[in-house]
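Enquirer: Model the placement of chain B on the given structure of chain A, informed by the hints.
Number of protein chains: 2
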Amino acid sequence: MSATTNQRAVVLVSGGLDSTTVLAHAQHEGFACYALSVDYGQRHRAELNAARKLARSAGVREHRIASVNLHEFGGSALTADEIAVPESPGTGIPVTYVPARNTVLLSLALAYAETVRATHIFIGANAVDYSGYPDCRPEYLAAFERMANLATKAAVEGQTMHIHAPLIDKTKAEIIRSGVQLGVDYAQTVSCYQADEQGRACGVCDACRIRKQGFSSAEIPDPTHYRQ
Amino acid sequence: MSATTNQRAVVLVSGGLDSTTVLAHAQHEGFACYALSVDYGQRHRAELNAARKLARSAGVREHRIASVNLHEFGGSALTADEIAVPESPGTGIPVTYVPARNTVLLSLALAYAETVRATHIFIGANAVDYSGYPDCRPEYLAAFERMANLATKAAVEGQTMHIHAPLIDKTKAEIIRSGVQLGVDYAQTVSCYQADEQGRACGVCDACRIRKQGFSSAEIPDPTHYRQ
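Quick note, the sequences are listed as chains A and B, same order. Just so we're aligned: the first sequence equals residues 1 to 228 in the numbering used here. Just so we're aligned: the second sequence equals residues 1001 to 1228 in the numbering used here.
Next up, chain A with everything else stripped away, as it sits in the complex (with noise of 0.2 Å):
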């Protein structure tokens, strides 16, 4: 796919390895890129810290941090004080899952989307290691277009919205191999769910486990910056 330069896209960045790539991508394909970060209360708040970086050291246009506190209600290892997040592989829907995350997420950036008329999102979701989200499954993303297409103003007036999930069908060792490609520098990522604040991974939950394999796969030395 190839874009002329005066098409705007709002870019979902978390501050961990996929989204940077998603970046990257969106930044070699034309885009012109208005970086979104949302902190939603989760733990890892260290991938603040390193999304300010990436954003600032890919030269997005702009970059916006939308604050909505999830943590309020609860009910994910990820926002919840009183859910542990695991150590070992489970099965079925991680307690990691954030509930309707990336409904609130994709809304936030088609409220930004309309404000600087950009008409494309990029979102890292993926249905190869995050199997069991089901926000991350292409129909789950189809049904957002279709909806996020009769929301808004800039609906109304003609102007589409297109969804965008380049990593949606992409194995990690897949993901990480593109984005060397296009030059991200994943030791700047933060991944693990329960980094230090310096960014630091812990190198046993879900995440950590899942980005270690990928370089390992990928055959590619880790970067990553770990604790122990």
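Each hint should be verified, as a subset may be incorrect.
To be verified - A short, non-exhaustive set of chain A residues, derived as facing chain B with CB atoms under 8 Å:
| no. | residue |
| --- | --- |
| 1 | Ala66 |
| 2 | Val68 |
| 3 | Ala111 |
| 4 | Ala143 |
Just so you know, these hints were derived from the structure itself, not from any lab. Only a predicted model underlies this, so the values are computations on that prediction, with no experimental measurement involved. Yeah, the Cβ is synthetic: ideal placement off N, Cα and C, and Gly gets one too.
Expert: Frame of chain A, contents of chain B only:
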């Protein structure tokens, strides 16, 4: 419609006339109601204070206030400081339109619904008085419902989510009459876009004009506290 008392509903309650009426409808239909107010940086914060009082006096199971800084994005007279609230009717989509507002509100309601295991969401969307708002149209709400039924762990596990907009095709006079029948005390509700801290209305903004006209058409004395 009737419901068993086992059925839980999240009701979006702003403190305004419409959503307060919707709450009365949902309770009358027998739903166990979980009220959700959203502080999105709107000017009319007096509405949130009204929402607290109204939710308490309605006897809801729980009332939560979610905060999201849509203000950060600007783009509406209701959230941006530099756009004046209009005092005469315009044509087309009003400048008080907030980008993707109902999508953001419904997304937060969806997240809340999943954590309290509610399978119904009530919203005071109205296609008559707010004909210019794209996200008050029935086709938009239907698309949101379809998306919601792909978005969550609850949906994957077979729970169907229902979006209710009982006021969608009602005039303001019809809404007021139905609320009065259900015992709503409209003196407690705040609709004004620029209410003061005591919740007193300006009497001249779009919201005030529509509300005044509603009481007049319904031939019910207007209990609104005006500051002039």
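Enquirer: Just to be careful: measuring from the Cβ of alanine 111 of chain A to every Cβ in chain B, is the smallest value less than 8 Å?
Expert: 4 Å, holds
Enquirer: Holds or violated: alanine 66 of chain A as interface residue toward chain B, Cβ cutoff 8 Å?
Expert: 6 Å, holds
Enquirer: Does alanine 143 of chain A pass the interface hint, meaning its C-beta sits closer than 8 Å to a C-beta of chain B?
Expert: 4 Å, holds
Enquirer: Quick check on the hint: valine 68 of chain A CB to chain B CB, less than 8 Å?
Expert: OK, holds: valine 68 of chain A within 8 Å of chain B, min 4 Å.
Of the hints listed earlier, there is not a single one the structure fails to meet.
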